[in-house]
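K.L.:
Here are the chains, one letter per residue:
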Amino acid sequence: MIGSARYWREIPQRYRYEAAKCAKCGRVAFPPRLVCAGCRGREFTPVKLAQTGVVETFTVIHVAPTGFGDETPYAVGIVKLDDGVRVTAQITDCETGKLAIGDRVKLEFRRLQQDGESGIICYGYKFVPAIG
Amino acid sequence: MEVGIVGYGAYVPRHRIKVEEIAKVWGADAPSYKKGLMLREKSVPTPDQDTITMSVEAARHAVRRAGIDPALIGAIYVGSESHPYAVKPSGTVVAEALGATPEIHCADMEFACKAGSEGMFVALSLVKAGQMPYALGIGADTSQGAPGDALEYSASAGAAAYIFGREKIVAVCEDTYAYMTDTPDFWRREYQFYPRHAGRYTGEPAYFKHVLSCARGLMAKSKTTPADFRWAVFHQPNGKFPMRAAQELGFSKEKVEQGWLSPTLGNTYSGSSPMGLSAILDVAKPGDRILMVSYGSGAGSDGFIWRVTDHITAVQGLAPHTRAQLEDRPIYIDYGTYAKYRGKIRKLAE
Chain A
-7 MIGSARYWRE IPQRYRYEAA KCAKCGRVAF PPRLVCAGCR GREFTPVKLA
43 QTGVVETFTV IHVAPTGFGD ETPYAVGIVK LDDGVRVTAQ ITDCETGKLA
93 IGDRVKLEFR RLQQDGESGI ICYGYKFVPA IG
Chain B
594 MEVGIVGYGA YVPRHRIKVE EIAKVWGADA PSYKKGLMLR EKSVPTPDQD
644 TITMSVEAAR HAVRRAGIDP ALIGAIYVGS ESHPYAVKPS GTVVAEALGA
694 TPEIHCADME FACKAGSEGM FVALSLVKAG QMPYALGIGA DTSQGAPGDA
744 LEYSASAGAA AYIFGREKIV AVCEDTYAYM TDTPDFWRRE YQFYPRHAGR
794 YTGEPAYFKH VLSCARGLMA KSKTTPADFR WAVFHQPNGK FPMRAAQELG
844 FSKEKVEQGW LSPTLGNTYS GSSPMGLSAI LDVAKPGDRI LMVSYGSGAG
894 SDGFIWRVTD HITAVQGLAP HTRAQLEDRP IYIDYGTYAK YRGKIRKLAE
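Those protein sequences? They're chains A and B, same order as listed.
Counting in our numbering, the first sequence runs from -7 upward without gaps.
Counting in our numbering, the second sequence runs from 594 upward without gaps.
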């Protein structure tokens, strides 16, 4: 379970998909980094990720970590967004047996986990099949 | 200066349960429920969906249609009877997700099923008063009916969001009216998981008295008659009540059918009449006039008259239509899955 402080720090990424684009080489980092992994540049401009993409690969979780047991079986995948950035997230609202590489998906705001019945609820993004 | 809706949006969860599936478990007669309540199925939220997540999605649709910078939104009011936290606002999460913080006023509203239109009323009024350029009112719920209770066939999930402003209006608010009394027809006490209701008493002295009085009061105030309206939408606790209200007021079936979502959506409580309005706006034509009357137990109704402008056609296609979401590949679940999703199964404490 993630605590209040860490959850709060990640709000710009988890709620608004805010990434950082290197001013020198244009590489996009999500989540943002202090130093560019491509050119070691230290100047970034904030960019918002595309909210639709294609499933590049995925796996189906049958034995889940603590807090996710009720959700099995569920899919976790790597999605290549339409702006080229790859994001790892749960893929939900789909039958895991019918999910396929190449499927069009979009980001949706969902509950990610909660700290028991009395703790904070953590929100963020998951992928769902794109409409129609 | 005219004030009205500049952006609107709805969100419908994908999962559904049919009346037959619920009736089977409780030994009830499905055909009589379907006929009596005029309901076929209802939406079900998954465990990772709640009032906040649906509010965010509906509000994002509204922002897309409004085409505004979310930072200009001066207030967000989320109306719901199923806010995820007892203490901690839903509105701040929505504001943060939209990028509307920190110069914003947030409050969570509650008034049984009327909380959504209540938020709309306050947001609209603040813009009208010139306090802010834009304000957002949201109605959303993931309501619960007690296992085996009649409410279990209708209590569903959904959200609708409305951004009010003074420029690029898609529906001008021509008039408003409110009608309320102290009526104990439906309630939920603190720490109780399920609401209670007064059975048949929820009909005549509660729903019909307030909805009909509000609609009649609003039409009298604005000097209009049903003939002046192209569309009407009423709160939809089931399929039957809004149709009967329309009939008693003199609105033809053709005027209410587009916004009549409850037969396949169920009762989305605070989202109910706001979602019906969104389905109407999806197909409305410039010049159409819409009568909207909400209802919340306890009890009261908010009434609005909307006049659709030429700008509507430019925004209708910018976000998913409400009926398209309702009909797009629904995922049907059995009662066991439904009970698990809705937290009706008692488990070992973690």
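Please keep in mind that the hints were generated in silico from the structure rather than gathered at the bench.
Misleading hints may appear alongside valid ones.
Said to hold, decoys possible - Computed list of lysine-lysine pairs in DSSO-like fashion (alpha-carbon distance at most 27 Å, straight line):
#, chain 1, residue 1, chain 2, residue 2
1, B, K933, A, K98
2, A, K90, B, K933
3, B, K848, B, K628
4, A, K90, B, K611
5, A, K72, A, K90
6, B, K761, A, K40
K.L.:
Now tell me, hint by hint, if it's right for this structure.
P.N.:
The hints, checked one at a time:
{"no.": "1", "hint": "B:K933 - A:K98", "in the structure": "holds (26 Å)"}
{"no.": "2", "hint": "A:K90 - B:K933", "in the structure": "holds (23 Å)"}
{"no.": "3", "hint": "B:K848 - B:K628", "in the structure": "holds (21 Å)"}
{"no.": "4", "hint": "A:K90 - B:K611", "in the structure": "holds (23 Å)"}
{"no.": "5", "hint": "A:K72 - A:K90", "in the structure": "holds (19 Å)"}
{"no.": "6", "hint": "B:K761 - A:K40", "in the structure": "holds (26 Å)"}
No hint from the list above goes unmet by this structure.
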